[in-house]
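Each protein sequence line maps, in turn, to chains R and H. Going by our numbering, the first residue of the first sequence is number 1, and it counts up by one from there. Going by our numbering, the first residue of the second sequence is number 1, and it counts up by one from there.
Take the hints with a grain of salt, since some may be wrong.
[Claimed, not checked] For the chain H half of the interface with chain R, some residues (derived, Cβ under 10 Å), not all of them:
1) 151
2) 182
3) 183
4) 218
5) 291
6) 349
7) 413
8) 417
9) 418
10) 421
Everything labelled a hint here was simulated from the structure, so no lab data went into it. Yeah, the Cβ is synthetic: ideal placement off N, Cα and C, and Gly gets one too.
2 protein chains.
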Amino acid sequence: MTFNQDSIDQAIAVLKQQFGDRLSVAQTVREQHGHTTTRMPNQPPDAVIFAKSAEEISSIMQTCHKLGCPVIAFGAGSSLEGHVNAPYGGISIDMNQLDQVLAVNNEDLDVVVQPGITREALNDYLRDSGLFFPIDPGANASIGGMAATGASGTNAVRYGTMRDNILGMQVVMADGRIVRVGGRARKSSAGYDLTRLFIGSEGTLGIITELTLRLHGIPEVIAGGICSFPTIHAACDAVIMTVQMGIPMARIELLDPLQVRACNTYSKLDLPEEPLLLVEFHGSAVSVDDDVKRFAEICAELTSSDFQWSNEPEQRSKLWKARHDAYWAALALIPGAKAYATDVCVPISNLASCVEETIKDIKENGLTAPIVGHVGDGNFHVLPLAMPDDDAMNDKVSAFAKRLTTRALAFGGTCTGEHGIGQGKRDSLVEEMGDAVDLMAGIKARFDPAGILNPGKVFH
Amino acid sequence: MTFNQDSIDQAIAVLKQQFGDRLSVAQTVREQHGHTTTRMPNQPPDAVIFAKSAEEISSIMQTCHKLGCPVIAFGAGSSLEGHVNAPYGGISIDMNQLDQVLAVNNEDLDVVVQPGITREALNDYLRDSGLFFPIDPGANASIGGMAATGASGTNAVRYGTMRDNILGMQVVMADGRIVRVGGRARKSSAGYDLTRLFIGSEGTLGIITELTLRLHGIPEVIAGGICSFPTIHAACDAVIMTVQMGIPMARIELLDPLQVRACNTYSKLDLPEEPLLLVEFHGSAVSVDDDVKRFAEICAELTSSDFQWSNEPEQRSKLWKARHDAYWAALALIPGAKAYATDVCVPISNLASCVEETIKDIKENGLTAPIVGHVGDGNFHVLPLAMPDDDAMNDKVSAFAKRLTTRALAFGGTCTGEHGIGQGKRDSLVEEMGDAVDLMAGIKARFDPAGILNPGKVFH
Numbered sequence: 001m002t003f004n005q006d007s008i009d010q011a012i013a014v015l016k017q018q019f020g021d022r023l024s025v026a027q028t029v030r031e032q033h034g035h036t037t038t039r040m041p042n043q044p045p046d047a048v049i050f051a052k053s054a055e056e057i058s059s060i061m062q063t064c065h066k067l068g069c070p071v072i073a074f075g076a077g078s079s080l081e082g083h084v085n086a087p088y089g090g091i092s093i094d095m096n097q098l099d100q101v102l103a104v105n106n107e108d109l110d111v112v113v114q115p116g117i118t119r120e121a122l123n124d125y126l127r128d129s130g131l132f133f134p135i136d137p138g139a140n141a142s143i144g145g146m147a148a149t150g151a152s153g154t155n156a157v158r159y160g161t162m163r164d165n166i167l168g169m170q171v172v173m174a175d176g177r178i179v180r181v182g183g184r185a186r187k188s189s190a191g192y193d194l195t196r197l198f199i200g201s202e203g204t205l206g207i208i209t210e211l212t213l214r215l216h217g218i219p220e221v222i223a224g225g226i227c228s229f230p231t232i233h234a235a236c237d238a239v240i241m242t243v244q245m246g247i248p249m250a251r252i253e254l255l256d257p258l259q260v261r262a263c264n265t266y267s268k269l270d271l272p273e274e275p276l277l278l279v280e281f282h283g284s285a286v287s288v289d290d291d292v293k294r295f296a297e298i299c300a301e302l303t304s305s306d307f308q309w310s311n312e313p314e315q316r317s318k319l320w321k322a323r324h325d326a327y328w329a330a331l332a333l334i335p336g337a338k339a340y341a342t343d344v345c346v347p348i349s350n351l352a353s354c355v356e357e358t359i360k361d362i363k364e365n366g367l368t369a370p371i372v373g374h375v376g377d378g379n380f381h382v383l384p385l386a387m388p389d390d391d392a393m394n395d396k397v398s399a400f401a402k403r404l405t406t407r408a409l410a411f412g413g414t415c416t417g418e419h420g421i422g423q424g425k426r427d428s429l430v431e432e433m434g435d436a437v438d439l440m441a442g443i444k445a446r447f448d449p450a451g452i453l454n455p456g457k458v459f460h
Numbered sequence: 001m002t003f004n005q006d007s008i009d010q011a012i013a014v015l016k017q018q019f020g021d022r023l024s025v026a027q028t029v030r031e032q033h034g035h036t037t038t039r040m041p042n043q044p045p046d047a048v049i050f051a052k053s054a055e056e057i058s059s060i061m062q063t064c065h066k067l068g069c070p071v072i073a074f075g076a077g078s079s080l081e082g083h084v085n086a087p088y089g090g091i092s093i094d095m096n097q098l099d100q101v102l103a104v105n106n107e108d109l110d111v112v113v114q115p116g117i118t119r120e121a122l123n124d125y126l127r128d129s130g131l132f133f134p135i136d137p138g139a140n141a142s143i144g145g146m147a148a149t150g151a152s153g154t155n156a157v158r159y160g161t162m163r164d165n166i167l168g169m170q171v172v173m174a175d176g177r178i179v180r181v182g183g184r185a186r187k188s189s190a191g192y193d194l195t196r197l198f199i200g201s202e203g204t205l206g207i208i209t210e211l212t213l214r215l216h217g218i219p220e221v222i223a224g225g226i227c228s229f230p231t232i233h234a235a236c237d238a239v240i241m242t243v244q245m246g247i248p249m250a251r252i253e254l255l256d257p258l259q260v261r262a263c264n265t266y267s268k269l270d271l272p273e274e275p276l277l278l279v280e281f282h283g284s285a286v287s288v289d290d291d292v293k294r295f296a297e298i299c300a301e302l303t304s305s306d307f308q309w310s311n312e313p314e315q316r317s318k319l320w321k322a323r324h325d326a327y328w329a330a331l332a333l334i335p336g337a338k339a340y341a342t343d344v345c346v347p348i349s350n351l352a353s354c355v356e357e358t359i360k361d362i363k364e365n366g367l368t369a370p371i372v373g374h375v376g377d378g379n380f381h382v383l384p385l386a387m388p389d390d391d392a393m394n395d396k397v398s399a400f401a402k403r404l405t406t407r408a409l410a411f412g413g414t415c416t417g418e419h420g421i422g423q424g425k426r427d428s429l430v431e432e433m434g435d436a437v438d439l440m441a442g443i444k445a446r447f448d449p450a451g452i453l454n455p456g457k458v459f460h
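Chain R on its own, in the form it takes in the complex:
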C-alpha cells in the first residue's frame, strides 16, 4: 500500500479551507491522535479534523477519495491493537463533538446516538429512564469505537456484545455517500445483514455517524458475590455447570492466583491466593435469590471456600473490589512497567486447559503476566508486563503473545474475543480464518477501492 504525500498535503490544504481552526496540524494534537492505550509506537496522522456532522464527514471523504488520502476515525482512543494509529499518515477525524443523544424510545427500549458519545455519558443521560446500555469493555470508550471494534466486556454473557445490541446505523462510505443500514425493528430478514458487517470492521469499510442501540431495563435487584476455588479447572467447572443449569449470570469473572495476589497487595484485601470467581446476577428479588442459591450449591460441590454474596450496593462493591482494581493492581506488580494487553477466546470446555497451559508458559518463561477472564464466554485477558527499556523482556512478551493466540486456535478458539485485529493481530487473522480473509478483502476492495479507510488495519 502506498499513498502520495503530495496528494495527502493537497487534501489537507483543500480541507483547511473548509474547516479552518477545526483542522489541526499541531504536533501535540497529531500525536494525541496517533497513539492510544496500545503498545504500538506512535504513528501520528498528518492532520486532525474535529468534525461536527455526518455531512462534514461526507465532504471530507469526497475530498480524500478523489485525492487518495488515508482517513482514520478517532473516538476515545481506548483501543488496544493500534486501531487509530496512522501508519500511512493522512487525516484523523476526531468524532468527539458528535456526542448527542438524538432520541430515546422508552417503550421500544432503544436509543439513537451519535458515535462520539461515551458509554458512561450515555448511561448518565439514561439514568432517569430506568434503562441502561449494558456493554462495558472496561474503558470509557466511545459508542462508535465500540461498534467499530465489536466490543463486549464483562456482561456479554447476559446481554451479548455490540453485535447483539445495535439495531441500525448511518454510515459514511469511502466515496462520501451517506447510507443507512438496519433500522429500528427488533428483527428483520430484509436483505444482507450490513449492520453486522460494519460492526467490527474497524473503520475500514465506512465511518459510523449514527447508531440505534438496544437498551435494557435497569434490574430491580443486582447481587454480587465471590468464591475461591482450589484449581482453575474447578473454577471453570463451576462456570460450565452454571451455564448448563441455565442460571442467568450477568457477569462471571475469573482472576488467576497471580492476579489475586496483585489485588491483595494493591487493594489491601485478604483473599486466598487461589483462582477466584466473581459473579453478578440481575433480576427480580425472587429470581436473583434463586440464582444465588443455585450457584452456591454448585460452589459447595467444587470448593471448600464459601460463596460470599450481597445484594446491597456497598457490600457488593466491596466484594468486587478486586475486579474493579484489577488493571491497576496488575500494573503495580512491576512499578513503571508497561502492559501488553491481549485477549483470546476459546470454547468453554477448553478454557481451563488453555488457561493452565498459559500459566505454565508464563512461569517457564519468567514472565509477570496476570490473567483475568470473562469466563462465561470463554474469553480471557493476559497482561504481561515489561519495563519499556527492557528489550529482552519485551521480545519475550511478544513471543508469548504469539504463542497464546496459536494456543487458543489449537483449542478451537479465536485470536481475539473483543480487542479486534487492528495492526497487532493481522497475522493471527490469517492463521485463524484462512481463505475467509480473501472474502473480507474482497468486500473491502468493493467498498473502498482506493483503500483510504484506515489503511494497514485488519489486512496487511
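Assemble the complex: chain R is given as a structure, and chain H must be docked to it using the hints.
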C-alpha cells in the same frame, strides 16, 4: 439477467456423468423443487442433483461457474417468498442427504450439523442430552434453509433468531471454493462478521454446507398461559410492560379477533372473540412462578379477563391449542382457499397502531385475513385468503400486501421480520433500504461475478 440454455444443458450433461441417477430431469422431481409453500407459480429447475457432501457441491459449483448455469440450494422447501423457485432454470441442489449431526459438545452447548437436517430431527437427536435448539419458525424447516433466510419464530424474544444462534459455518462459494467462517468460540472480534453476512443471504452468496449452532438447556419448568384483552392496544400495552419490567418471556403471541374466531370453530374452543395473548415462561420452578405472578399483575391492570396458566405439559398444551392450530384454523375460514402468507415487523410502540390500521384495511377491502403476531419482537403475520380461481380477490390480496409493507415502513419497521425477500419482496427491499441495496449488490457481484447463485432472488 440472462443465461444461455445451451450452457445450462452442457452443465447438466457434464454433471450427469458425475452424478448418474442422483441427477434427475424428471418432470415431477423438477416441479417438486420449483415450488414450495409459496404463493408464487411453479418455476422448475432444469435438473435436480441429490448431493451428499460439500466436496460434491464444490464440484457442481466449479462446473456451473465455468459454464454459467444457475444453482439453487433446496432444503425442506418451506420458504414463503419463492426462495427456491427457478425463474432462470438451472440446477437445484437437494440438500436433504446432508442431514448428519457431526458433533455435540455438551459442555459448550453447541452442535455441528449438516444443513439438510430439519429442526425437529435435530431436537429429536438432542433429546437425551438435556439440550435443545430453540429456533422454531413453525414449519419443520431444514437448518440450512433457516440459516439462509435468517429465520426466527415464536421464541425469538427469548433465544434470538438464527443470526444469534450460529457460531460458524462452512460455505461453498460460487467458484467452488470451500470456506470456513466464524468458529466455535462464543464471541470473536477477528475480522469482518462473514457468518452474519451469509445468514439471511438466501443462497445468493454461497451454499451453506455445515453449521455450528448454539444450544440451550431444556428448561426445568415451562409455564404456558393465555389472556384475552378488550383491545389490540391493551394487549400490546401488556407486552410493552412485560418487556419493560424485564420479565423474561420465552414466547408471547397475539391472535386478533378473527383468528380467535377461526380457532374457536376449528379447534372447538370457547375463547372470547377478542385479542388473545398467549405466553410461555422458561426457567427454574421459583423463577417461572415469579414470572407468572408478575405477568398476572400486568394483565389485571389491563383486562377484566383472567390470566389462565399451567406448568403441566398437558394443560399447557390445551391452553395453547388455539396457537398450535392457528394456521389450519385460518385456512378453514374459506374451504379450498389459498393463503398469501406475509409478515412485517415494527417497533413495539407502533405495533398496536399498525395492527389496528391493518385490521381496518382488511375490513374496508372485504378481505378475510387473520393476524398472528410474535409480538414480543413487534413481528406479525397476516394470512389473507382467496380461492385460487378468484382473480379479483387475488389482485385485492396482492394490493393489500403491498400496502401492508408500506405501512410497516411508515411505522419505522421492516418489510419482513422473518420470511425474507426471495422473489416476493424485492421492491419492498429497495423501498426500505435505499442505497444500502447497492452495497448488498456490490457484495453479491464480488462473491458471485457470474450471478449463478439463486438468480432473481433478493435483487431484481
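Hint by hint, here is what the structure shows:
Given hint, residue 151/H at the interface with chain R, holds; its Cβ is 8 Å from that chain's nearest Cβ, closer than 10 Å. Restraint check, residue 182/H versus chain R: the minimum CB separation of about 9 Å is within 10 Å; hint holds. Using the Cβ-Cβ criterion of 10 Å, the hint placing residue 183/H at the interface with chain R is satisfied: the shortest such distance is roughly 6 Å. Look at residue 218/H: its Cβ gets to within about 9 Å of chain R, closer than 10 Å, so that hint holds up.
For residue 291/H, the suggested interface contact is upheld, since its CB lies about 8 Å from the closest CB of chain R, less than 10 Å. Below 10 Å, beta-carbon pairs count as interface contacts, and residue 349/H has one with chain R at about 4 Å; its hint therefore holds. At its closest, the beta carbon of residue 413/H sits 5 Å from a beta carbon of chain R; the interface hint therefore holds under the 10 Å criterion. Nearest Cβ of chain R to the Cβ of residue 417/H: about 5 Å, under the 10 Å cut. The hint holds.
A cut of 10 Å between beta carbons decides the hint on residue 418/H: the least distance to chain R is about 5 Å, and the hint holds. For residue 421/H, the suggested interface contact is upheld, since its CB lies about 6 Å from the closest CB of chain R, less than 10 Å.
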